[in-house]
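J.: One line per chain: the protein sequences are A and B, in this order. Here the first sequence stands for residues 19 to 128, where the numbers follow the numbering used here. Here the second sequence stands for residues 5 to 118, where the numbers follow the numbering used here.
It is worth saying that the hints were derived from the structure and are not from the lab. A quick note: this is a predicted structure, and the numbers were derived from the prediction, not measured. A virtual CB, placed ideally from N, CA and C, is assigned to each residue, including glycine. Among the hints, a few may not be true.
[Claimed, not checked] Here are the simulated lysine-lysine pairs, DSBU-like style, with alpha carbons at most 30 Å apart:
#1 K15/B - K74/A
#2 K115/A - K15/B
#3 K74/B - K88/A
#4 K20/A - K88/A
#5 K88/A - K115/A
#6 K88/A - K61/B
#7 K115/A - K60/A
#8 K74/A - K115/A
#9 K74/A - K61/B
#10 K61/B - K85/A
#11 K74/B - K15/B
#12 K115/A - K61/B
#13 K85/A - K74/A
#14 K61/B - K15/B
#15 K85/A - K20/A
#16 K20/A - K61/B
#17 K74/B - K115/A
[Stated by the list, open to error] Listed next, the stretches of chain A that the computed footprint assigns to chain B, with coverage defined by at least 3 CB atoms under 8 Å from CB atoms of chain B:
#18 69-83
#19 115-127
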Amino acid sequence: QKEVEQDPGPLSVPEGAIVSLNCTYSNSAFQYFMWYRQYSRKGPELLMYTYSSGNKEDGRFTAQVDKSSKYISLFIRDSQPSDSATYLCATTGANSKLTFGKGITLSVRP
Amino acid sequence: DAGITQSPRYKITETGRQVTLMCHQTWSHSYMFWYRQDLGHGLRLIYYSAAADITDKGEVPDGYVVSRSKTENFPLTLESATRSQTSVYFCASSPGLNSGNTIYFGEGSWLTVV
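Between the sequences and the hints, there should be enough to build the whole structure, so can you do that?
T.: Okay, structure coming up:
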């Protein structure tokens, strides 16, 4: 079992839809959780960062972590065509090495 | 602010040739990483470095060599390139993944081995 599992997609939604992206992880030592966004032919860039369980909101984006079930989620409200990208979840413990999910490609249709 | 730069951005090489991908960061971050990204596998860690002269293997190190004589540079060498090493390579750096820090990626180097 990989340490981080992510739904492979791809995912296509109409503009304005609420998008839910999910990952699960297996290592209970993981305590830092991130979502990266990667546009085509670009490097990943940090979108959201959370520490331990709970929710974090930034504009249209909400990151949610449930450590009891080892579940990581990213919600995008009022999705826009500019949100079309690949989204990668990532997590780490104290060793400064990130473990990534495989990523899911999101397409938002105008 | 240049951040983290990779070169070359695009490279085509022949099987058996030695190839070096360069990575330079201007933030003086302690940690540097090399990932490869392939369809169906996502990002996989090749090597990482916690400081100058300290390197360690990641998930897929075979066929690659790294060095870190200076904090700002972290070159990745494919000693004898194989077709299976055709991939997109991302260099990244971080001050350390605790206390709210994260990892910052370069723009990628697209390598094709023919």
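J.: It remains to establish, for every hint, whether it holds in the given structure.
T.: Each hint tested on the structure:
In summary, the hint linking K15/B to K74/A is not supported, as the alpha carbons are separated by about 40 Å, beyond the 30 Å threshold. Taking the CA atoms of K115/A and K15/B, the gap is about 27 Å. The hint holds against a cut of 30 Å. With a C-alpha separation of about 38 Å, the suggested pair K74/B and K88/A falls outside the 30 Å cut-off, and the hint is violated. Pair hint K20/A plus K88/A holds up; C-alpha atoms about 13 Å apart against a cutoff of 30 Å.
Distance check on the hinted pair: K88/A and K115/A sit about 18 Å apart at the alpha-carbon level, within 30 Å; holds. Proposed proximity of K88/A and K61/B is supported: the alpha carbons are some 27 Å apart, at most 30 Å. The hinted pair formed by K115/A and K60/A meets the criterion: a straight-line CA distance of about 21 Å does not exceed 30 Å. Simply put, K74/A and K115/A have alpha-carbon atoms about 22 Å apart, close enough for the 30 Å limit, and the pair holds.
Taking the CA atoms of K74/A and K61/B, the gap is about 33 Å. The hint is violated against a cut of 30 Å. Our distance criterion of 30 Å between C-alpha atoms is met by K61/B and K85/A, whose separation comes to about 28 Å. For the given pair, K74/B sits about 24 Å from K15/B by alpha-carbon distance, which is consistent with the 30 Å threshold. For the hint pairing K115/A with K61/B, the CA-to-CA distance comes to about 11 Å; that is within 30 Å, so the pair holds.
With a C-alpha separation of about 14 Å, the suggested pairing of K85/A with K74/A holds against the 30 Å cut-off. Distance restraint check for K61/B and K15/B: the Cα-Cα separation of roughly 24 Å lies within the 30 Å cut-off, and the hinted pair is therefore satisfied. For the hint linking K85/A to K20/A, the alpha-carbon distance of about 17 Å falls within 30 Å, and the restraint holds. A hinted pair counts as satisfied when its Cα atoms are at most 30 Å apart, and K20/A with K61/B qualifies at roughly 18 Å.
Note on K74/B and K115/A: the hinted pairing holds, with a Cα-Cα distance of about 20 Å set against a maximum of 30 Å. Three residues within the 8 Å Cβ limit are the bar, and the stretch 69-83 of chain A against chain B gives 1, so the coverage statement is violated. For a cut-off of 8 Å, the count of residues in the stretch 115-127 of chain A with a CB near a CB of chain B stands at 6, and the three-residue condition holds.
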